[in-house]
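Full structure from sequences and hints, please.
Under the working numbering, the first residue of the first sequence carries the number 8, and numbering increases by one thereafter.
Any given hint might turn out to be false.
The calculated lysine-lysine pairs, modelled on DSS-like cross-linking and capped at a C-alpha distance of 27 Å, are [claimed, not checked]:
1. 45 / 94
2. 103 / 116
3. 45 / 116
Computed Cβ-Cβ distance ranges for the label pairs, DEER-style [as the list claims (entries may be wrong)]:
4. 18 / 45: 14 to 24 Å
5. 15 / 109: 16 to 26 Å
6. 45 / 84: 32 to 42 Å
7. 90 / 56: 15 to 25 Å
It should be emphasised that the hints constitute simulated quantities derived from the structure, not laboratory data.
Glycine included, each C-beta is placed from N, C-alpha and C at the ideal position.
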Amino acid sequence: MTKKEKPNYFDLVYQVVREIPPGRVTNYGTIAHYLGLKSGARMVGYAMNAAHTLPDVPAHRVVNASGLLTGKHHFATPTLMQELLEKEGVKIVKDKVQDFEKCFWDPDKELLI
DNA sequence: GTAGTGACTGGGC
DNA sequence: AGCCCAGCCACTA
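In C-alpha cells form, the structure reads like this:
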C-alpha cells in the first residue's frame, strides 16, 4: 500500500467498520448510507471482501439487513464469524444475530460524526 | 465503452 | 419458506 491512493470507497468502509465497538453489529445498508452511497450496500460488501486482507477490520461485525451472517463464507472458516461474534457477547443462532436491534450499531447515532 | 460479477435489498411468485 | 428478478454502484477483464 503506497501513500498515493485515491479516495477509495474501501478505505471509507474500513474506517467505519473499525469504529464498531465489541459486542455490536451493523449492516451494509447503514454503512453505505453513512458513507453517502445510500444504495451502495453492495459496495460495502465488496469493500469487505478486500477488508478481509486487513488486520483491523472486524468484518465479522458486519451483517446483512436481516442480521444474517451472509459473509461468513468469506472467512477462513464458515464458523469463524459466528465464533468471533459469540466471543464478543453476540448470540448467533442459525447464522443469524439474536437481539439484532439491541446489538445494532448505527454510526449516525452512536458515532455522531 | 460494454459486459459480467458481487459479503446487498426489497418485492414478487 | 424458498427461489427468482430487478435495481443499485464500484471493480475487473
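The hints, checked one at a time:
1. 45 / 94: The given pair, whose Cα atoms are some 31 Å apart, is violated under the 27 Å limit.
2. 103 / 116: holds, 23 Å
3. 45 / 116: holds, 16 Å
4. 18 / 45: 14 to 24 Å: Roughly 18 Å apart at Cβ, these two residues keep to the hinted range, so it holds.
5. 15 / 109: 16 to 26 Å: violated, 32 Å
6. 45 / 84: 32 to 42 Å: holds, 33 Å
7. 90 / 56: 15 to 25 Å: Given a distance of about 20 Å, which is inside 15 to 25 Å, the answer is holds.
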